[in-house]
Structure formats: C-alpha cells, structure tokens
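Protein chains: 4
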Amino acid sequence: MKSLNIGLIGTGYMGKCHALAWNAVASVFGDVPRPYLAVLAEASQELAARKAQELGFARATGDWRSLVTDPDIDVVSITTPNAFHPDMAIAALEAGKHVWCEKPMATKLADAERMLAAARASGKVAALGYNYIQNPIIRMIRKLLDEGRIGEVNHVRFEMDEDFMADPEELFYWKSEASYGHGALDDFGVHPLSILWTLLGGVRRVCGHMAKPYADRPLRDGGRRAVETYDIAAILLELENGASGVMALNRSAWGRKGRIFIQIFGSRGTIVFDQERMNEVQLYTLDDARDRQGFRTILAAPQHPPYDKFIPAPGHGLGFNDLKVIECRELMRRIAGERAMLIEFEDGIRIERTVDAIAKSAHEGRWVEVSN
Amino acid sequence: MKSLNIGLIGTGYMGKCHALAWNAVASVFGDVPRPYLAVLAEASQELAARKAQELGFARATGDWRSLVTDPDIDVVSITTPNAFHPDMAIAALEAGKHVWCEKPMATKLADAERMLAAARASGKVAALGYNYIQNPIIRMIRKLLDEGRIGEVNHVRFEMDEDFMADPEELFYWKSEASYGHGALDDFGVHPLSILWTLLGGVRRVCGHMAKPYADRPLRDGGRRAVETYDIAAILLELENGASGVMALNRSAWGRKGRIFIQIFGSRGTIVFDQERMNEVQLYTLDDARDRQGFRTILAAPQHPPYDKFIPAPGHGLGFNDLKVIECRELMRRIAGERAMLIEFEDGIRIERTVDAIAKSAHEGRWVEVSN
Amino acid sequence: MKSLNIGLIGTGYMGKCHALAWNAVASVFGDVPRPYLAVLAEASQELAARKAQELGFARATGDWRSLVTDPDIDVVSITTPNAFHPDMAIAALEAGKHVWCEKPMATKLADAERMLAAARASGKVAALGYNYIQNPIIRMIRKLLDEGRIGEVNHVRFEMDEDFMADPEELFYWKSEASYGHGALDDFGVHPLSILWTLLGGVRRVCGHMAKPYADRPLRDGGRRAVETYDIAAILLELENGASGVMALNRSAWGRKGRIFIQIFGSRGTIVFDQERMNEVQLYTLDDARDRQGFRTILAAPQHPPYDKFIPAPGHGLGFNDLKVIECRELMRRIAGERAMLIEFEDGIRIERTVDAIAKSAHEGRWVEVSN
Amino acid sequence: MKSLNIGLIGTGYMGKCHALAWNAVASVFGDVPRPYLAVLAEASQELAARKAQELGFARATGDWRSLVTDPDIDVVSITTPNAFHPDMAIAALEAGKHVWCEKPMATKLADAERMLAAARASGKVAALGYNYIQNPIIRMIRKLLDEGRIGEVNHVRFEMDEDFMADPEELFYWKSEASYGHGALDDFGVHPLSILWTLLGGVRRVCGHMAKPYADRPLRDGGRRAVETYDIAAILLELENGASGVMALNRSAWGRKGRIFIQIFGSRGTIVFDQERMNEVQLYTLDDARDRQGFRTILAAPQHPPYDKFIPAPGHGLGFNDLKVIECRELMRRIAGERAMLIEFEDGIRIERTVDAIAKSAHEGRWVEVSN
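Residue numbers (my numbering), protein chains in the order written: chain A, 20 to 391; chain B, 20 to 391; chain C, 20 to 391; chain D, 20 to 391.
In short, the hints are calculated from the structure, not lab data. Be aware that a few hints might be false.
Treat identical chains as interchangeable: a pair holds within one or across any two.
To be verified - For lysine-lysine, the following BS3-like pairs were computed, each having C-alpha atoms within a straight-line distance of at most 27 Å:
| no. | residue 1 | residue 2 |
| --- | --- | --- |
| 1 | Lys162 | Lys231 |
| 2 | Lys162 | Lys328 |
| 3 | Lys231 | Lys328 |
| 4 | Lys127 | Lys231 |
| 5 | Lys127 | Lys21 |
| 6 | Lys194 | Lys379 |
| 7 | Lys328 | Lys194 |
| 8 | Lys21 | Lys328 |
| 9 | Lys162 | Lys21 |
Just chain A, same shape as in the assembly:
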C-alpha cells in the first residue's frame, strides 16, 4: 500500500476528528503506511496556520481551492458545514483526488446527485464520514444478523436524540433557518439511516412527520424570530427487505446527549443498541431454556475486530474518536483496492434520497416511495 498525502478542509468538530484519525491510523493498525499530513485549509491563512501547527499538518492555506488542486495531495478530507460539501467534493474529484466527505452529502438532493456524478466521472474513491457504522459493536450486530442469529428481521425501531437545540431561550442561529436544511432529519437523521442501511439495506416507502417544539427563538438584539426548521421528526418505514419500522429524531431532547437507540426484532430474537453506551450490545435469543432467557449485554472485546487493534483486553472501551480511525483505515484499504466497509457516494445517495422522500412525505402528509 502506498503512502498517502492528506489535505484537510475544516478544523471544527469533525475536522479535528479527521486530523486525529489520519495521525493515529498507522500506529493503531500497524498495517497501513503512515499518511503524510500535507496541507490544512481553513477560512483564513492565519487560522489555518495555527491549526496546522496544532494538528501536525506541514502546510496551511486560507484557500481551499488551492488545496483541492494541490498536486501533492492524494486525499481530501472535507469537514466544513454541509452547504460547502458539493463545491468542495466536486472540485476535488475533478482534480483527481480521493474524497472523504463528512455526512450528509449536501443540503439539497440535486447537489448530492451532482456529487455522485462527479465521483463516477472521476474514478476516484468518494467516501462519506459515517463513523457510527465503524463501531466494532455495529459490525458484531451485522454479523449476528448475517448469521441469522435472531432469525428473519421483521420490525425495527431507530431513534436518535440529542439536546443541543433543547433550550427554547437559546439564540436563533442558522440551524433554525430553512435554507440550512429540514432540521433534525438531515442534520443527524442520516446517522441512524446510515446504520439502518449498513445493517438491513434500503428503505422502500416512508411516511414522515416533522414538528417544531418551539415556534420562535430570541434574537441577539432583542425580539424573536420564527423557527423555520423541524427539531423533531418521526417516520413510519417500510424496508426493502419487507420489515416495518419506525424512526424518531429529536435534537431538542433534554438529557439525550448522543443517543442512537436501535431495536431490531426478528423471528428468533432481538438486538438492542444504544450509542451512548457504544461498547455494549444487547442480544436476546432462544438458545436456552425458557426460564433462563434474557437480554444479554455483550461488551466490546478483542473478539470484535478491529477492537483488538486498539486494546488487547475486553471491556475496556473504545471512544467516539476511535471510530474515525477505523473508518480512516477502511478508506485507505479502499483506495488501495482492497475490500472495505464504507459508505461511498454510490450508497450515500440512497440515504439522501430517503431523506428527501421523508421531507416530501412530511410536507404533503402522505406516504412516499423512495426513488432509486
């Protein structure tokens, strides 16, 4: 595998997460060449220079366009606000770079479709940052499902809740503007959709409902402005595999910090997962006598690869940032032509189309088929 030169755009929440992953991946896995952290782009040259110093990048630029066309760069990490994804990803792909773009692809489906077209035209790897699916525990769930351990899945429930918008007196900012997106649906609903996709495949039909817990929010200079986005969404689902489902999203859910609660019901058992306890999965099966059946809590362990690359002892716990390191390795394998577990634009577009169908359904108050 050849070493890769990395360009990073953005150093916020996920930007730092990408930087840490690129920095750690070789030491953790020991089987990929150490990436070279070449260029970091930020909104200004000054900020870029400071962040490059902190995060260990060799060069810095205030102009992301120069980064995506830099001949030294092999891969571009795009971690800017969602509205910037299309231009950056398309430019990078057109410049012949591999792209690792944070979710979701774009704020409008049409833009996402253009990104997919650019990826196809480029022949380069275009992967999305859906780190939750990289959790060894999620892989374990996939394995259990593939083995038929809970039989045939017939019903699922996915919830994602956080409370960063829960305070009604928090000032109005762009997350409440319609131009930004629908609200919880695209802001983080794509996360449970990515897990659903990974574990159980596509969605056929949806019936969505979106709600605003607060009609307006205060403005910095006094007065209040009407909220335009929906912090809450709930969706009835029919999956392509025939199972029924429910999804519920709430970014105003006091007390929920990073909850992604998943219940998968099958003909021979049930699986339950909560991202707030990301090193655990609960499994109920029929493999024992009736009087001793129960949900068992399996702790992440070296038996759940690649947990073993991080820690040789069971039950010691991976962290959120470790998931990005795993994703980074998958990306490197994919670029090297190896089999990898990633959501690329080809699959990511399915998630975007599902989001679009849900939004349409919610606005029109009826069931909508997800296009393919």
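Place chains B, C and D on chain A using the hints.
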C-alpha cells in the same frame, strides 16, 4: 362508605387479578369497608364452583346472566374475552349494577358506543380496568407534569412490547383471526393509550401502519393458515395539546415481556418510564449546573401515594397485582361519590375512538382525525 | 390440609405484611384452605380493635399473652420489635402454637438459643420471617447453582444498604442505643445472611469491622447524644463450602432504599442480583462463543414458580408483599407436614451465631470461628 | 514548553498504549509541542525494528540499556513486565531521564523503595502509569467530593474484577507463580488503590484475605501444577480520613471485563462509578424534595475537562486509550514545571506500601498498619 357485594365474571388472567384485589383492598387501605365476595360466574357451574372455592366467593354460577341480575350484587367485575364485554356490561348496567370492565371496551367501536350509552342511561359507575395508570410512579409522573417540572411537553414516544406472539411456529389461534380485532393495536395498544390519556390528554390526528411479522401459522392438524391480524403497529400522533408523538406496538417482540416504554420530552426536561421496571421513573431536569445534570432514577417510595399503604419503606417494590388493588379502591371511592382516578366509559370511549382512527388510518394509508 | 386459626401480634411494617399474607394466601395459591384471621394483639385494646377492623381479624386484644394461650389459635405471627421476640415465641411454643416470628430471632444469642430449645421441646413449627429468600428469582438462582450452571462457586459478595439512618441530623432514637443491638449487623445483616444460607450454606470463619458514620445525633430537647450502635459493617468470610466472601452493610447509605446486591462467582459463570430490581437476575455463562457472551437479564416469569400463581404473564413483576404470601404458603405446607422452603429456628440459629461471631470479631479485631 | 524526545521500552498492551499517547498528545491538546518518537526498545533488534516502523519511532534497539543512556532521549516510557521496572527505571533516572513507568512500581516493596530513592536523587520526573485516574469522570468525582457535594465521606467500597484468569483449565503460566507477586492484589489491586488515593487519600489500617479459586492448573505437557498466587483478595480498610471501607479484587470473575466499581458514601449523598461504563457517574444528593431524589447518571461531556479536547459534544464517549493521552499531557506539563495531576513515585510508594501491608495482613490473618 357502605360495603359492596361483588360479582365476578371470568377467572382467567384478569379475573384472578380482580378477585385478589377485591379480597385485599380493605386490608391494604384500611379506609374502605371489606367487600363481600358474593358470586362468581364461569363458563360452567363446575368450573365456577371450583374457582369460587379457590378465590373465596360465596356462591358460584355457570350463567353470567343470573349474576348480573342477582339482586344481592352491587358491582360486577367483567374479565372475559373482549368480545363478551358489550353484552355483559350493558346487561349489568341495565340491571342497575356498577360495572368494572377490563379493557378494551369492545372489539368494535359501535359496541363501545352502545356501552357508553348504557352507562349514561344507568347512572351507575362504569369503570374500565386500566391498571397501569394506577401505578404510584405514573401518578408521580402526572404530578411532575402538572407542576411543570419538565416545562411544556412537546414530544412523546410510547412503546408497548411483549413476545407472546413472537414464535412463528406457535399454532394459529383466535388472536390471529380478524374477527377478534386488529391485533396489537386493540389487544394492548389501549394500555399505552390509557397512560397517554391520563398523563397528557387526547389525541387529535393519527397516521398508523400495521404489519404482520408472520404471514401464516401452523394449524394443529397440519397445514398453515394465513394470519389475519397485525402483531405490529406504529403510529404517528398529534396530540390535542399540540405535542407530536410516536407510538409503537409489537406483540411479537422477542425478549420483551411487559415493556411499556415511555419518553416524554418537555421544554425543561424529560421523563422516561419502563413498565418492566415499574417501581422506577427517570427524570432529567435543568435544576443543577450543566456539568452535573443527568437522568435520575427515582424509586417508588411512601412519598408516592398510595405506595405507603402497601409498604412503609422506600424502594421495596410494588407488584403488578398491587395496581389492581389501587384501582379497586379508586372504584370504591367513585361509587361512594368521592373523587377518584379512574378511566370510566366516558373517557374510555376516547381511547376506543383513537384505536378506531388508527385502524382506519392504517388501512387507508393516510392521516385520520380522531372523532370526539 | 386443615384450616388454620391465626393470631397476629403487632401491626407495624411487618405486622401488616403478615396480615396481608394470611388474607391473600388462599386466593393466590388456590391449594390451601383459607386461614381464619382470629385474633389480633396490639399494645392497647383500642389500637388492637381498630387494626383488627382494618386488617380483617375477628377479635382484638391488648394483651399478647392472652393471644398466645388462646385455645382457638393455631399459629402465632410475631412481628413486634426484636427485643420482644423471645418471650412471645417461647410463650406461644409452650402453649402449643406454631410460630412465625419475624427476623432476627433475638437481640442476644442466648435468647435465640432459648427460643430454639423451646421450639425443639414443643414439637411445633417455629419459622422465621425471611421473606427475601421466597422470591421466585432467588429460587431460580438456587436452581442454577444446584444445576452447576456457573460451576463451583468460589467467591461471593453480599451487600445490603438502605438510607433510613443516613441523615446525621435525624433525632437520636433507640436504633442508636447499644441495648437494642449491634446496628446494621443484626438490624438487617441477617437478611443477606439468610440468602447466603439459602443459596450456599453456612459460614465457617469471619472477620468483621463495624463503623459509626456519625459520632452523635441530636436530642429532641437540644444537645446531642453519642451514637452507640454501628450503622456500617463489613465482613470477610470463609464459607463452609470453601468459598471466600465479603459482606458489607450500611443503613446510612444515601440513595439505597432496599438494595441487597449479590454477586456469586463460579468456575463457569457468575450470578448477580439486586433486590431493588427484585424481578430480575443477571447470569453470565460460557454457553456461547466468546464474542457473544454477556450478562443476561432474566425477568421473573411463570417459569419461575410460584410466580405463576400470581400472574400468568412474564415480566409483569411481583412486589415485596407477594414474597410474604409465598412464605405464608410454605409455612402452611410445613405445618401440614409437607416439604417446604423455610428458615426455621433450627437453621435460623446458624444465622444468629454468625452474627454473634461477626460482632465478637469486630470488637476484638480478629478472625473468629462461627460456632455450630 | 520544549519538545521532548521519547524512548519507549516494551510494545505489549501498555507499550502500544504509550506509543499511541505520545503520537496523539499534541494533536489532541494543541498546547504541547509534538514529541519526537526517537527510540523503541524491544526484546530483540528485529522485533524492535518492526514495532518502530508500526508505531512511528525513528530508531529501534534490542538493548534497553542503550536506550536509557541514549543522549538524545528526554523521557523513557517503561512498559515491560513488572519485574523489570526497578532496573529500567533506576538506570533511566541515573542517566538523567524522566521516567514514565507503568504500574505497579515493582513486585517487591524494597525494589519500589529503591526506585523512589533513585527518583529523589535524580531530580527528574518519575511518574507512574495510572491511567484510570485521568478519566474526566474521575476528576468530576474529585470535584464533587472537594465541593462537599455528598458531605463528609464515611464509607467506601472499591471492587475490581476481570476474568482473564477465570478459566480453571487455562494453562499454568507465570501469573500463577509466587515469584511474580501476590496475585490480584498487586496485579491490578493497585488500580483501585490509585483511584482511592486520588479521591480520598491514604489508608491507615488494613485487614486482608486472599484466596485461590483453583488449587492447580494444567501444564502444557500434561499433569497439573499447584497455583501459588491468589486470584481473589478482599480487604477491610480504615482510611486516614477516618472513613471505613472495603476493597474486593478478583481476576477470575467470569463476565467482568474491566470492572472497577466504586461506591462512596457521604453524609449528604453517594457517588457510584463503574469503569466498564467509564463515561458515566452516578450521583445521589439531597438537593431536591424527598419524592424526587434518585441516583442521576451524568454522562461525560465537554463540561468535564479535558473531555472537550477530544470531542466538543457531550455523551459521545472517550475510550480507554484516551486516558493515556491525558496522562501523557499531564506528564509533559509536569516536566515543564507546571502543575499536573499525576501519581509520581513519591505518592506511588504509598500504594506499594499499602499493598505490602495487605499481603502481610492476609498472610498473618490480622489487621496491619500501613507504614508511611
């Protein structure tokens, strides 16, 4: 308060539960006269006689009609399969008896409406067996909501899951016949609806979806028969108070035994409850500094009346049957003209109409208004 | 089985619990004759009369001695403060009554030994109220141990914690007086000891430590009085079966309400139980592949007799008072000469001797053998 | 702060953990100079070269003595089996290097005392690897205690359990040899002791008990060999602050993977922590009305520094390896003369002396004072 003579119809699951409640209520509460367990009716005189002996009833009959017209009887407990409720309840009311009928009212809305009419005409107390709402912890939740402890409620999620229909190889029986009802929706969806009603009031609009996890089930004599009812239901809700909601029901949910999982989100906090841990409630509020906020688990205690009537020490735990004793006392108070917390036919019809709207919505694939 | 006439002494916490049990046992089990609640004794005739009315006893007396010699009485329930147990139990036994005495036997070992002698001399059943061992979940644990499901037990940890003495500003009362007993050790340490005895047998050697969280407590009329008893105890154990163990007790443990936390480690698995979630047990075994082992939570169900006598559906939950009903049935079976699961004076004395050895050990700061 | 050149001895479990920490610390914190990973030592030149490549070290050696005297090296990470710690640490200190040595200091107290003397003589920083105390949640607990949030601490319980020695048929290896140490006590009992020290200070008196769950273990070539170490230990404690306590350790505890369970009882509340859910702490206080008190679960969040350096969102979870990164930063600050939270040899010796007193106590069956 005058003593009451009790007639009990049915001695199955809830019949025994009623018998235990009538037997215990005076000793537990110490403030109501000891009911006289007068007559027990079962399908045959023989069975009735045996059960009367076991459950402490003075007389037995194989003819429920004689029971409901028996001049010695003040109150009739109706605990038979749902299809029998209308005839029995109406006959008892017409005979001038108070009625305590297990949920749901009937398998068809029209029958429930007739029952309501009979109750109104009789001037007698006509109460429904919705014991989950009698849990001191549910009352505590109600108190927290009334106090505004979690602010204004804007979103709710209610789930009810059991696994008594989860085995696809269990023989076909009446619960899979359409004539019995819709499936999970009316079989036990009325339970979460009763709690929703108690805590937050009525439902305005619904959009339901129902699913069959198993297309058919084996017959005793070989072959298989198509399942006609829906073991799974999921519903989008708009409440009369303006909150949005989701309800999900599954009687084929392996591993869930008596789960009623409730999440209530407000502008200042969140409440979470699980019937499988019925002596606990989780509360998240903003009353402390950010770095020490968290969901607290409150254990049922004498501070949550009428827990104190059962046990003087906190955290020792009530059981499922104790809820019926509380309901029994409420019924006795209501009959005596005192204020009581009960779901009577007047309110119960609201639950039935909601069920009806959900079923209609599911069959027609669209949102439906709940009639009032 | 012949019907029994019951005399009850005391109507406090456990007195009411006994009354409810005697009242419910026939209806719940259906296989024992309905006991006749004959006489109730309390500190005064007036109080006794009021309580008899509430609890359904036919007669009342302010003189417990008349009760224990009443020719109509078959069984005497003794639920008074511990200091009264010896006189009452011995008098009842000498009068030829069966005795059901709340734990512990006495506040001094010598008294307990006298009680045992009286029981032996009487030939009557002399049982102790150790209701926690009647939990169907505890029976399930016993079954798992007997089956060798967790292999050979080599280590145990038992904790019991409540917080009724946790407030340092609560007024001084008799629980802080040395004449009452040692403190947490005999006040409720006998509960975990009773479970230990039931599950794993006797204790060989102990090394105890007792501590006072608060040196003094306020007096009603001002000033403070030195606390003489120990709200905290911790004990190293060697069991007769060769296992090592730890026991820890704290009646000043803020937040713990009825916690009895048990961990049993064996060569092939582990069992964990918490009385505050008395309808659950956790089991870890090696019966599955390494990557899917975990503690499973088994919910109480009809498969765990006699849960089925209370509720036909799993996971619905028994309550604290139900345990007494089970114990009552065991007592009735024992009186009828059937096999029963009870701690009688013969075995209860083992618990008292263990308590005595622990107290001696704590006072002398050394290991002490438990006498047999 | 000047940049540091790092030498690492050992690349096993904790060796890799150190390497990852040195590699990540600058990017995570952004306020320390990027360390230079200079030399890695392993048992052979060949292994060292391979590991240096994987872990990003510039040079490799099969001779640890050459590393500790290498003039380019500023800090030596010692992560070899415990028996090697004294020679390596003393040699490094004598060569004027700062030392970061994994716990425990040594297998014999005399060796640990020599290490302390060498550290004092050197004037260099000599820190121990006690990463659990670096958890932001542990710091939060410390803060709560310092604030008096649970009042005066009067009782503590510490448990540490894993199951890596739980299989009685696992082959005999050095962990069962007496020359290696006492068993669970020094193998991992030092971890809870380090947390106890950090949160509550020193131990005054101990009474220990150690046990062997399995008398012998199979040898590779047939036959069995007697086990010489104690996989189980239990200890009664008196702390210097006057509180009583219990500690229990078991490395044969089936199902426990990385459990460190801590209960701290105070006059106004209780704190509970479990390392297997290292991103949570439970807090019970009296700050609300009685009917709504309960243990709250606080999730790790940016409000618990330095969590914020890893992730800006709450409840997303740090991992085990992140704790080492935090410790690494503390070490760098300490070397730079800043205030740091670390257990250095000066304090670590207190833990070693406590271990020694416990072992002595267990062997002699009596209480022993911890020397200072």
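Against the structure, the hints come out as follows:
{"no.": "1", "hint": "Lys162 - Lys231", "result": "between (38 Å within a copy, 25 Å between copies)"}
{"no.": "2", "hint": "Lys162 - Lys328", "result": "within (19 Å within a copy, 34 Å between copies)"}
{"no.": "3", "hint": "Lys231 - Lys328", "result": "neither (43 Å within a copy, 32 Å between copies)"}
{"no.": "4", "hint": "Lys127 - Lys231", "result": "within (21 Å within a copy, 35 Å between copies)"}
{"no.": "5", "hint": "Lys127 - Lys21", "result": "neither (36 Å within a copy, 48 Å between copies)"}
{"no.": "6", "hint": "Lys194 - Lys379", "result": "within (19 Å within a copy, 37 Å between copies)"}
{"no.": "7", "hint": "Lys328 - Lys194", "result": "between (38 Å within a copy, 24 Å between copies)"}
{"no.": "8", "hint": "Lys21 - Lys328", "result": "within (21 Å within a copy, 31 Å between copies)"}
{"no.": "9", "hint": "Lys162 - Lys21", "result": "neither (31 Å within a copy, 48 Å between copies)"}
In summary, the structure is inconsistent with hints 3, 5 and 9 from the numbered list given earlier, while agreeing with the others.
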